[in-house]
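Could you build all of it, start to finish, from the sequences and the hints given here?
Heads up: the sequence lines are chains A and B, in that order.
Counting along the first sequence from 1, when you hit position 67 you're at 67 in the numbering used here, and nothing is skipped either side.
Numbers given in the numbering used here equal positions in the second sequence, counted from 1, plus 303.
Hints listed in this document are in silico derivations from the structure and should not be mistaken for laboratory results.
Please read these numbers as outputs of a predicted model, since none were measured by experiment.
The reader is advised that the hints may include incorrect statements.
[To be verified] From the structure, some residues in chain B lie toward chain A, with a derived Cβ separation under 7 angstroms:
| no. | residue |
| --- | --- |
| 1 | R309 |
| 2 | G318 |
| 3 | C319 |
| 4 | R320 |
| 5 | G322 |
| 6 | G323 |
| 7 | C324 |
| 8 | V326 |
| 9 | S343 |
| 10 | Q345 |
| 11 | E371 |
By construction, the Cβ of each residue, glycine as well, lies at the ideal position given by its N, Cα and C atoms.
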Amino acid sequence: MSVMRLGYVQVRVTDLDQARSHYMDTLGMQVVHEEAGKIFLKAWDEYDHHSVVLEAGGVGLVKLGYKCESQDDLARYERNAIDFGCLTERVSSGENKAVGEGVRVILPSDHVVELYAEMELVGTATGVLNPAPIPRHRTGIGVPRLDHALITCEDPETEERFFAECLGFRPAERLISDFAEVDLLGSWMFCSNTPHDIAFIKGPNGKLHHFAYSAADWNAIKYASQLLAIDDVPVDVGPAQHGITRGETVYFFDPSGNRNEIFSGGYMTFPDFPTITWTADQLAKGIFYMGSELNERFTTVLT
Amino acid sequence: MLGALRRSGYTHRFGCRRGGCGVCRVTVVSGHARYPTEVSEQVLDPTERTAGVWLSCRSVPVTDVVIELDPGDRLSCYAPLLVNHGPRMKEQG
Numbered sequence: 001m002s003v004m005r006l007g008y009v010q011v012r013v014t015d016l017d018q019a020r021s022h023y024m025d026t027l028g029m030q031v032v033h034e035e036a037g038k039i040f041l042k043a044w045d046e047y048d049h050h051s052v053v054l055e056a057g058g059v060g061l062v063k064l065g066y067k068c069e070s071q072d073d074l075a076r077y078e079r080n081a082i083d084f085g086c087l088t089e090r091v092s093s094g095e096n097k098a099v100g101e102g103v104r105v106i107l108p109s110d111h112v113v114e115l116y117a118e119m120e121l122v123g124t125a126t127g128v129l130n131p132a133p134i135p136r137h138r139t140g141i142g143v144p145r146l147d148h149a150l151i152t153c154e155d156p157e158t159e160e161r162f163f164a165e166c167l168g169f170r171p172a173e174r175l176i177s178d179f180a181e182v183d184l185l186g187s188w189m190f191c192s193n194t195p196h197d198i199a200f201i202k203g204p205n206g207k208l209h210h211f212a213y214s215a216a217d218w219n220a221i222k223y224a225s226q227l228l229a230i231d232d233v234p235v236d237v238g239p240a241q242h243g244i245t246r247g248e249t250v251y252f253f254d255p256s257g258n259r260n261e262i263f264s265g266g267y268m269t270f271p272d273f274p275t276i277t278w279t280a281d282q283l284a285k286g287i288f289y290m291g292s293e294l295n296e297r298f299t300t301v302l303t
Numbered sequence: 304m305l306g307a308l309r310r311s312g313y314t315h316r317f318g319c320r321r322g323g324c325g326v327c328r329v330t331v332v333s334g335h336a337r338y339p340t341e342v343s344e345q346v347l348d349p350t351e352r353t354a355g356v357w358l359s360c361r362s363v364p365v366t367d368v369v370i371e372l373d374p375g376d377r378l379s380c381y382a383p384l385l386v387n388h389g390p391r392m393k394e395q396g
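Here's what the structure looks like:
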């Protein structure tokens with residue numbers, strides 16, 4: 001089996017209390033656990049223990065956690081990563097709060113990914129018996145779940161090969177320089193049925209462009225954008241629609257400058273999905289189809 | 304500083320507006336400023352701070368300040384309507 005999904009994102013925040021307010025009051029996540037310098041949160045429609053970990057001090061990405069189906073899968077991915085030439089390390093059960101035994105992999109881009117197969121089950125806000133379609137008491141935007149992350153890397157070609165060969169991801173969409181001299185500038189890859197579970201664009205190694213939450217639809221994006229304005233959250237771009245992934249979007253910054261996205265729509269993917277290609281001359285349309293304009297910030301502002 | 308510029312109808316290059324990306328760095332040539340919220344050393348290291356580099360999005364002037372923009376950055380007027388209605392500002396060079 002392939003990797004199941006992006007399970008959690010661990011980011012550094014400069015001020016833990018401001019971050020708590022953003023992720024709880026504005027986004028509507030719930031705190032499930034706290035320890036010195038760390039806050040663990042989950043969204044209402046997630047059943048695992050947590051999906052976001054805030055770590056005090058600095059900015060940017062600590063690691064991405066991808067959930068796999070079994071210990072056998074972990075062992076297989078570990079072997080693949082070693083054969084690929086990546087540094088790997090076993091993570092013991094409990095080293096990450098509520099997370100079972102895992103495998104830490106340093107990606108070709110220096111980002112840290114941890115693969116795991118078990119996380120403590122907490123349950124969604126609506127439960128599994130005759131559930132209501134929404135929780136009775138939502139806070140703020142009320143994000144239902146984590147969706148994907150976009151990182152930057154110096155060598156997208158190698159990064160794509162790693163995710164494909166070692167972890168079984170497939171490219172839904174690729175951004176290339178042009179057909180005369182194909183240089184890969186970005187790749188949007190899936191392991192589930194969404195357009196992307198990981199994406200990367202060319203840029204410095206080790207950096208985070210954004211991580212995204214899912215939303216029900218375009219109206220939810222509008223509602224989220226209204227709340228962002230009420231709470232004076234700096235919006236980067238949106239509400240808008242992507243050409244790449246076809247998703248609807250609003251991008252904004254948390255109190256430490258880490259970029260968040262609320263993402264809805266997009267098509268479904270399957271193992272036989274034919275990869276879509278975008279050429280660099282159509283980049284603005286690829287990123288923001290309507291308006292077709294890229295601000296300077298979008299490809300350069302990273303944490 | 305960035306807020307004051309923008310209230311005056313002007314802007315310069317900025318990014319996240321939350322002190323995380325370091326895109327809005329400027330040099331304070333004279334005057335004093337402070338940060339009401341912490342700016343990470345990962346974004347602005349002590350050497351830069353000693354050299355008078357500040358993030359315009361997170362810094363608040365405590366006196367009149369003169370700032371210098373980085374090469375490649377420039378002051379631009381995005382809302383002529385606001386010019387002369389915001390904080391006191393003078394452009395040099």
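Against the structure, the hints:
Hint status for R309/B relative to chain A: violated, with the closest Cβ pair at about 12 angstroms, above 7 angstroms. The interface hint given for G318/B holds, since its Cβ lies 4 angstroms from the closest Cβ of chain A, which is under the 7 angstroms cut-off. Taking 7 angstroms as the C-beta contact cut-off toward chain A, the hint placing C319/B at the interface holds, the least distance being around 4 angstroms. For the restraint placing R320/B at the interface with chain A, the shortest Cβ-Cβ distance is roughly 4 angstroms, inside the 7 angstroms limit, so the hint holds.
Against a cut-off of 7 angstroms between C-beta atoms, the interface hint on G322/B holds, since the closest Cβ of chain A lies about 6 angstroms away. Residue-level restraint check for G323/B holds (minimum Cβ-Cβ distance to chain A is 2 angstroms; threshold 7 angstroms). The beta carbon of C324/B comes within 4 angstroms of a beta carbon in chain A, closer than 7 angstroms, and the hint placing it at the interface holds. Interface hint at V326/B: satisfied, since its Cβ lies 6 angstroms from the closest Cβ of chain A, which is below the 7 angstroms cut-off.
Interface restraint check: S343/B against chain A, minimum CB-CB distance 5 angstroms, threshold 7 angstroms, status holds. With its C-beta approaching chain A no nearer than about 4 angstroms, Q345/B sits inside the 7 angstroms limit, and its interface hint holds. Given the 7 angstroms rule on beta carbons, the hint for E371/B is violated: about 20 angstroms separates it from the nearest Cβ of chain A.
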